[in-house]
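J.: Sequence:
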Amino acid sequence: MASMPIQLTDTNSPIEESAIPATLLLVDDEPSILSALRRLFRPQGYRVLTAEGGQSGLDLLQGETVDLVISDMRMPGMDGAHFLEKVRRSQPHAARILLTGYADIASTIAAINEGEIDRYIAKPWDDNDILLVVREALVRRSLEQRNRELTELTGRQNEELRALNASLEQRVRSRTAEIEQINDMLNVAYAELKSNFMLSMQIFAGLMELRHNGMSGHSRRVAVWAKKVCARLHLGERMSHDVHVAALLHDIGKIGFPDGLLSKPVSLMTPEETARYRKHPLNAEAALMPLVQLQTVAKFIRSQHERYDGKGFPDGFEAEEIPFGARVLAPIIDYETLMAGTLAERRYSPEDAASSIRRGAGSRYDAKVVDALLEVLKEPIEEERDDRCISAIELAAGMILSRDLVSPQGTLLLAAGYVFDARVVRQVREYAQREGARLMLFVRRETVAASPS
Numbered sequence: 002m003a004s005m006p007i008q009l010t011d012t013n014s015p016i017e018e019s020a021i022p023a024t025l026l027l028v029d030d031e032p033s034i035l036s037a038l039r040r041l042f043r044p045q046g047y048r049v050l051t052a053e054g055g056q057s058g059l060d061l062l063q064g065e066t067v068d069l070v071i072s073d074m075r076m077p078g079m080d081g082a083h084f085l086e087k088v089r090r091s092q093p094h095a096a097r098i099l100l101t102g103y104a105d106i107a108s109t110i111a112a113i114n115e116g117e118i119d120r121y122i123a124k125p126w127d128d129n130d131i132l133l134v135v136r137e138a139l140v141r142r143s144l145e146q147r148n149r150e151l152t153e154l155t156g157r158q159n160e161e162l163r164a165l166n167a168s169l170e171q172r173v174r175s176r177t178a179e180i181e182q183i184n185d186m187l188n189v190a191y192a193e194l195k196s197n198f199m200l201s202m203q204i205f206a207g208l209m210e211l212r213h214n215g216m217s218g219h220s221r222r223v224a225v226w227a228k229k230v231c232a233r234l235h236l237g238e239r240m241s242h243d244v245h246v247a248a249l250l251h252d253i254g255k256i257g258f259p260d261g262l263l264s265k266p267v268s269l270m271t272p273e274e275t276a277r278y279r280k281h282p283l284n285a286e287a288a289l290m291p292l293v294q295l296q297t298v299a300k301f302i303r304s305q306h307e308r309y310d311g312k313g314f315p316d317g318f319e320a321e322e323i324p325f326g327a328r329v330l331a332p333i334i335d336y337e338t339l340m341a342g343t344l345a346e347r348r349y350s351p352e353d354a355a356s357s358i359r360r361g362a363g364s365r366y367d368a369k370v371v372d373a374l375l376e377v378l379k380e381p382i383e384e385e386r387d388d389r390c391i392s393a394i395e396l397a398a399g400m401i402l403s404r405d406l407v408s409p410q411g412t413l414l415l416a417a418g419y420v421f422d423a424r425v426v427r428q429v430r431e432y433a434q435r436e437g438a439r440l441m442l443f444v445r446r447e448t449v450a451a452s453p454s
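The numbering of the sequence shown is this note's numbering, which starts it at 2 and goes up by one.
These aren't lab readings, by the way, just hints derived from the structure by calculation.
C-beta atoms are modelled at their ideal positions from N, C-alpha and C, and glycine is treated no differently.
Keep in mind that the hints are not guaranteed to be accurate.
[Stated by the list, open to error] What follows is a set of in silico ranges between Cβ atoms, one per label pair, in the way DEER data are often shown:
1. R427 <-> N188: 27 to 33 Å
2. P266 <-> L194: 38 to 44 Å
3. S168 <-> A287: 57 to 63 Å
4. Q294 <-> R348: 34 to 40 Å
5. Q294 <-> P266: 32 to 38 Å
6. A192 <-> M290: 26 to 32 Å
7. V425 <-> D372: 41 to 47 Å
8. T271 <-> S364: 24 to 30 Å
9. T275 <-> E376: 29 to 35 Å
10. G237 <-> E380: 56 to 62 Å
11. E193 <-> R427: 18 to 24 Å
12. E346 <-> S392: 39 to 45 Å
Modelling step: build the complete structure from the supplied sequences, incorporating the hints.
T.: Okay, here's the thing in structure tokens:
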């Protein structure tokens, strides 16, 4: 049975009875020498094997694993140097000690060079010296064995760590890709949700305008001007969004007004009608109260008729007390209603309406907002250059609206950016046929080419 080298930490401590004994191979052609060495080592707890000659020792090593070999130098057939050199090749981890006489210096040097022996012991030997030499050799071999095991363990652990790192990196890459995919899906869902929200706001505003043909498209135009003024004032995305939504919904508080009051200019209203009219911002705020995401919008709508000099309603706020979004809306709403004829007794031209707004800067309106609006009004009307006008018959799934689709009465049907599917294409065609309306649809030019004919 193969033996394992013992682990010794103190060269002066005796071998423990419970320790696995180290196996020694003693090789000499003289039986008396082998007998003397056997008697010396067995009481020390070693497992002792003997062989009478080099070849016998090699034959024995084919079935045994030893921790230390002691060989005589002068043996017939195969000397100690040659034998230990073969031991080094077959069992390189075994300690090798040479017994030699003083006349064998040249042979001893050969054994050191070829067999790489650990020590040589001169004959005759001292028992204590040879015991100490063997113990030291076994300790050294034990430490070397432990070092090899630790090196192998470290190598395996390094390989496992490299594999683990590679696995972790792959998992991180996979997880990162999953997160990026989820984020992309969330961004698409958010963009679609935002688009649907704005479309709902526009449709809601359009429903209000159905009751008064003269105000068709009013809220959408206010929203367009508001968006441009916000950009001119370099307002943040959130503020611009809230102002835009407030512009679309600013008349929602009038939904319970009779038709006659909706179309009546403010300057011609009776005191009772004026009192009712002045409540529409409060009605709007109350209607929007359940919608948490529209609380800021509701505040803007409530304060849309406040004046910069404090003479407005419903709260009499002045200057900086008025929410900034409401200060943006005020001159835009009045500009639109002056031209619609629902603020004064006559319809104002765009130039007259702009002059009226200019005169109100600093008293009725925030001057910097008025300046921004007047600059926006000077801008040329943007022309769509990447769209194409088609009829309802030419409409196909996959096409994208480049401009709002409005009925002949001015009602918003679909907002710009809407992507048509087969169902809505069919509904648009049926609407055009049923109403006898010649709808002109502006769609993005690249989607016309991409859509199936």
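J.: Going through the numbered hints above, which ones does this structure break? Give me the numbers in ascending order.
T.: 10
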